Amino acid sequence: MPSTKSPRVLWLTVPSLVWFAVFSVGPLAAMFVIATLRWKGLLYEPTYIGLENIGRVFADPTFHAAVRNSAIQVAVAIPVMIPLAFMLGYHLNTKPRGYRVLSVLYFSPGLISISMTGMIFYGVLSPNGGVNGLLRGIGLDSWATAWLADPSTALATLIAIDLWRGVGWTAVLFAARLASLPAEVIEAAQIDGAGRLRTMWQVAFPMVKDYVRTLAMLQFLWTLFTSAALILLLTKGGPGTSSTTLSYLVYAKAFSQRDLGYSQVVGVVLLLFGIAGMFLIRALLRSPEEDSR
Amino acid sequence: MRKSKGGLLATVLSWSYALLLAAPLYYLVVSALKSNIEIFTRPFALPAQWLWENFGTAWRTADLGRALVNSVLISGVAIVVTLCLAVPAAYALARTDNRLARMITGTFSAGFLIPPFAALIPTVVLAIELGLFGTREFQMLFLPASALPLSVLLLTQFMRTVPPALVESAALDGAGHWRLLTRVFVPIARPGVVSVTILQLLTFWNEYLFSLTITGTAPDVRTVQVALPTIVADATNLGVLAAGTVLAVLPVYVAYSIMNRRMQEALTAGAVKG
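Chains A and B are the protein sequences, given in the same order.
Position one of the first sequence corresponds to residue 1 (the UniProt record's numbering), numbered consecutively onward.
Position one of the second sequence corresponds to residue 1 (the UniProt record's numbering), numbered consecutively onward.
The following block holds chain B by itself, in its conformation from the complex (with noise of 0.2 Å):
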């Protein structure tokens, strides 16, 4: 790259904006080691003391532990009944050119761009109808509805990739599409499923107001999302807070840190589908 004055403008700018980024995040974690009086007095220095037991205080105090294991559960299933759902509606579509497909296509096309918080108080008045209000259940069978029309229209495209040849010849094999889904479709489609599961799967973890709402602030069935905020009280110890956020925010950033490349491809991936 040449270097102009434009070039320069540019370095200027963008690092500019990454230290905005990167101030707030720093703050949070030196915070995390200190007392409220050293946070106020000097904001931005490394800790006199280093308060490690912050941690477990933010653990103790918002029931971490217990929040992680109903995040996990919920995640969990949520990913299966998506891939469940969406994996076969994908296959269909992919395989199917006429009228009726389009207008398939077109309905989870319109779906996507739709928020699911529009529809907030009419889904919690359906979780007191189904008789799931203040379960985890529900929003395990919530959030894959409002994941599917980004997963099928994601991996419909993945699905097109497959070669007719291919399909010919498994099929004249005799395969039916319960093994040419499995066998051939599923595969060749890999990048599609593992780009589907991280993007949902993140989606899931980080729910926060269907879950607050839904869910509820229960002890034994909140998410860690509902449980961090509940430490912030009248006098809120900020070192604590901003060690439980340290220790809710990790867990994203381990898996970040294990797969960069393919997390950053399935986050754009989700976005570029229009």
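Isolated chain A (complex conformation) (with noise of 0.2 Å):
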């Protein structure tokens, strides 16, 4: 919308540029800095040690399974969950019967913060809890265990709660997102005698593609980033480093382990896998034409 006076408009972004800076950039480029830092904890004075604690990080085994457990958990929930969540999402598209209790269902774990999610879990797997007294219920006792405290059994959980909270939120957003295509288009190709798994993928996936790009990245970041909260309300990490991830190392370094030069390493670690992961999403969903829109 051009005007005449247009460039000087601009000063009205200035405080929101100022404020992003300080308390989100700068402490983005902080990072950086304190990683370079011998720092005991926040109430001690930290010292300038360069590059030594990168050393550190990377000859400490539990670091070495943390990438592990993180690399596991985006590899595994994020590949089951876009396609499970595009393929839900174009059901709920056709309004099938029952679609609305469908969709509020679907749209429940996205109003759940992820204390509470850790709260609901707590109960449902704890030993006694509900996941147990189902396999009971339906004779597989042999089957229940400690979830949570199961080095064998925890980062899986985990995933499942990933899973549990991420599918059916996206599948809501894929099902909005499908709802503004031009209805012809599908109808065209279901005259056409195309299946519905046909349709779905060859028509209605192409079209949306560029979306399924930008929510693949996002639930990548989110996964990678944020698993620390629910790591720290539901197994700390353990037992062992069994399910320590990226994400909870850096928050257990600075607030448990008082090391934050250490913790800010692994921090740094954590961006840049984030963002190769980013690239990487980007390069398999290149859309074929830029015009898909």
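Hints were generated in silico from the structure; no laboratory data involved.
It is possible that some hints are incorrect.
Restraint-style ranges between C-beta atoms, simulated for each label pair [as the list claims (entries may be wrong)]:
#, chain 1, residue 1, chain 2, residue 2, range
1, B, L8, A, A283, 30 to 38 Å
2, A, A29, B, P219, 32 to 40 Å
3, B, W52, A, D192, 57 to 65 Å
4, B, T236, A, G26, 36 to 44 Å
5, B, N36, A, L140, 42 to 50 Å
6, B, F40, A, P15, 49 to 57 Å
7, B, Y26, A, A144, 16 to 24 Å
8, B, W52, A, Y48, 56 to 64 Å
9, B, L25, A, R97, 17 to 25 Å
10, A, W222, B, E137, 39 to 47 Å
11, A, A29, B, M103, 17 to 25 Å
12, B, Y26, A, T94, 22 to 30 Å
13, A, P83, B, Q49, 43 to 51 Å
Nothing here was measured: the structure is a model prediction, and the numbers come from that model.
Glycine is no exception: its CB is placed at the ideal position from the N, C-alpha and C atoms.
Two chains, two frames, a set of hints: combine them into the complex.
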């Protein structure tokens, strides 16, 4: 919208830019500085030690476990979540019987905070909780286990919670996006005799591919970065290091083990992982034509 | 819709997943009215005896009354600050189309992608430096910053829908930026303002890690999200914990039941803008 006095009006963006710089960009930049310090807890004076922290972090088996766990977490969660959510979103968009109930349920995890999700699953997964009760009820007693306290199930359980929250919510988003497509295209495909699967993957999917890519990137970043909260509430990274992710390691090193330099080296690694993953997703889901809106 | 094999499969899958979503919520609600023994022995049955006192116990144990006030205060102030910062910025960006404006938009787009968690620890340091560690005030200032990228981008989109002719005629009448903003742009972009308000209020209300580490767990400042997990102890009364969780989730569900269409629009708009 051209206007003669427009360049000056950009002054109005200054307060928000200053705010953003102080509270968001500043801390992000400070991370790189803190990564070069020996800093034993927030109440102590830091000293500069350069790249020494990096060597310490990369030699630490806990860090290796965290890299592995984070890689498993995103490599399982995202490829399961996105296609499943797309299919459910497509289904939701065909307005099947009871779709209102479905969409309210799918939407629910988006309303419940991470700390409440943690508390819900604390009960559901406790040794005498709902999941084990259900397994015993149907005669699978031997499957019952302390899901969060068993090293072989802790990480898988956390990933399952990621999926529990993420799939439905993402499906609602896909449904909203698909609803904005011209209905004739899909109808035309069906009249041409294209089956449901073909219509879904060969007609609808390419039309929203850029949106699939956006949601895949967002879910990837959120899963990678914010797993600390749920882990803090449910497993504290354990047993051992079996559910320690990079995100939780950043938190734990800073607040429980009072090693801020270490924590922020991991923070930088996490950021680089995030950026690398984003480029990977972008490359994998490149839209065939630029005009695919 | 023509029924087909694929359709049947989709129906089965979609309802199985719905059941999977509903089961923990059902378990939560029935547990809220039971004793530990009953939760353990009859996990999915309706309570034999309805223990309403679980709610009272949870309310007192976690001091939820004060926590609710803190949450309302923090979310309320933060949303006002967010709108005061984002609305003028969006107005400026909607009215300008040059390199600088595109650069500013680009900055916010990049900021939208990076989850705030990335800079949690330096943010704690910032709070200490500002002398605001352990206070509600820091969250009131910080949360708007984390909300700015998405808020500005969404509001700009809505403000771009203002017809240029309307702006010109108002400008001919001698309207300045303030009049244009309050009389023309905000009224036309109202659905956007509503969406941003709902979306960010929910985000602020649900925020956990920053509240935990910066505002902290002191009963006089902590939010609901921080207060509730303090019920967890070595011998947790799971019924009380479930009752507390129900109480803490309830405000959001009440809001959702009153304006579910609006809320769904707001939250999907938030993610559609990538």
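Which numbered hints turn out to be false for this structure? The structure conflicts with hints 5 and 10, although it agrees with all the remaining ones.
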